[in-house]
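As given, the protein sequences belong to chains F and G, one line each in that order. If you read the first sequence in my numbering, its first letter stands for residue 1, the second for the next number, and so on. If you read the second sequence in my numbering, its first letter stands for residue 1001, the second for the next number, and so on.
Among the hints, erroneous ones may be present.
Unchecked claim - Covered stretches of chain F, going by a simulated chain G footprint (3 or more residues, C-beta under 8 Å): (1) 213-224; (2) 235-248; (3) 257-266; (4) 314-324.
Bear in mind the hints are in silico, worked out from the structure with no lab data behind them. Glycine residues also receive a C-beta, built at the ideal position from the N, C-alpha and C atoms.
Protein chains: 2
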Amino acid sequence: MAHSLPYLLLNKEKCHENIQRMVEKAKRNNVKLRPHFKTHQSIEIARWYKEYGINLCTVSSFQMAEYFASDGWDDITVAFPVSIYDYEIVNNLSKTVKLNIIFSSYKNLIAFKREINHKVGVYIELDCGYNRSGVSPDNTREIALMVNQISQNDLYQFKGFLTHLGQTYSAKSTKEVEGLHRKTLTLLTQLKLFWKESFPEIEISYGDTPSCSISDDFWGLDEIRPGNFVFYDIMQSSIGSCSNDNIALALISPVIDVYPDRGEALIKGGAVHLSKDFILLDDQTKSFGAICPFSENTWGEPYKGFWLKSISQEHGIIASNDFEQVNTLKPGQLVVILPVHSCLTVDSMGEFFLSDGTCIETMRKRN
Amino acid sequence: MAHSLPYLLLNKEKCHENIQRMVEKAKRNNVKLRPHFKTHQSIEIARWYKEYGINLCTVSSFQMAEYFASDGWDDITVAFPVSIYDYEIVNNLSKTVKLNIIFSSYKNLIAFKREINHKVGVYIELDCGYNRSGVSPDNTREIALMVNQISQNDLYQFKGFLTHLGQTYSAKSTKEVEGLHRKTLTLLTQLKLFWKESFPEIEISYGDTPSCSISDDFWGLDEIRPGNFVFYDIMQSSIGSCSNDNIALALISPVIDVYPDRGEALIKGGAVHLSKDFILLDDQTKSFGAICPFSENTWGEPYKGFWLKSISQEHGIIASNDFEQVNTLKPGQLVVILPVHSCLTVDSMGEFFLSDGTCIETMRKRN
């Protein structure tokens, strides 16, 4: 055995195709691509982006910014609102890196009260309906207060507005994603036109894999920040951001037992490997992953009527509508689990492997 | 800052109390305590058990068995069904350790076809209604086939029957747990009486934190294997296995922003810190954690009307029934999140801290 089981296998070719597709889409639409690196958390994958001319990135923590800066990334947006605890690391990073930080409200902004030592780019985070973090684009008073405060600080360079359209993850169709996306573009361009008079250089930075994968209209945007598309997963294929065939990452798990009476099989593969996101299938059944056959270091189309029904810490239960079919599985057989949420699966595992056995470590690699 | 945020804080005193309480209960009921170490995955915590005379342990993988064997644990049950991929590690471990393995069906047993080199203890895993892994106690034919196969192998020492009553985790009351527990005891003692004639030494090994915490009747059992009780969590307090005051582990997270209009606050603390289990509150709202005030390196009772409503990769949203109350939170303030499932939270974080700043590393520590 080269690997202990289960392990994560990355299809390098599919991953490159996913990167290339998004790079071309960004070029075609004249927007910068600043991919979110929290999905792969890996210097190696970040280098693949460089092959396509990408030299901007997004991360979700200052520790992650440090990690990528250590490999030469020097224009980084930390797309998580800054707090007083980040003061030292902001000053360290901004010595050598073009660092962009975000403020998610006036309260958040004024709480970051200590004087910084070097110039940083500053975005105001907008909440365009996801209700997670940021100011509503309608809240012109709070935005004005924030812009005013930012422009009074010589070390803050006001870069514009940033948003993450996370509600697209709950969309049931590509049409719904398109609808959310277009509505948001209208809001954002209105806001940009308003502030452009005083700040001609401001930009709109916009993220999320569903919108950026599904839409081909980025009118008014300056930059997109999708992340998940590098690997995709079955949450994305169920939304319509990709096909199952675009999914580049999968967990290779051994079948441990088969229970013909229940039409179920036990695999080694649980929450510590996949994390615990799920999608709802058409009949509202929960699925924690799709199951595919494994051969010659790659995988085929998902089995029809098989799905990962439940997971606990290390156990996974495959269920099937077709008892005869599940009985064809054998203890010791390796199967492939397409994850529901590849970002969390990568974080859980901490490393993944290419088909030639090369190990790619993430910044949160395990002992 | 001593720690980067968020970090896991362990209350050593509560943890010792939890260990001591279970040790005393096992003694009182004349059953062996073989605690499950997948909850803490830490040599340091395992040593605390030794202070109470515990020298048996349960683990969920052979890698975990190796890890604890490296610190002198020499009587270990791997409570996950064995597979052909474990062949080498079984042989390595059984050289020096009294190793117990489990078979979860006749299929699983015969799939482990290679000859082993050293004596191992063997349990037949029973499925007493959880429908995860194991043979039904009613399936006398399959059990007889397995016993027969096991007894034909000189290196297999038939130890008896092992079960995990996982369905207690879905129980809504201590009464329901008691009911499931008593029903299972009856099944298990019948089975033991039947097989005791041929194998006088066989034992019943029984696990799960809710049953072992709630019940005080272990009649017919030889060994209990609870794990979670060492830390507990709000899933356990909601079942009734413990009070919130027994929970020994919590995530210390900074408030990043407060949104008075929504009655919500943003913390740094998400799926990569807590994993994604949730409980349903009385009104069927999902909760990913309880929120407590933090001061002097410890925490108070959970805020009433506050809960962790949703988490994404690194963001957590605190919701409140009381808008005025949530507005008392301030960006930069540290709050305490009592986790829903401490085992998965520990696995996600990979390390935890005592109040004196001592770092306790797990076997899956992060870089």
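(Q) If you test the structure against every hint from before, which numbers come out violated? (A) As far as the earlier hints go, 1, 2 are violated by this structure, in ascending order.
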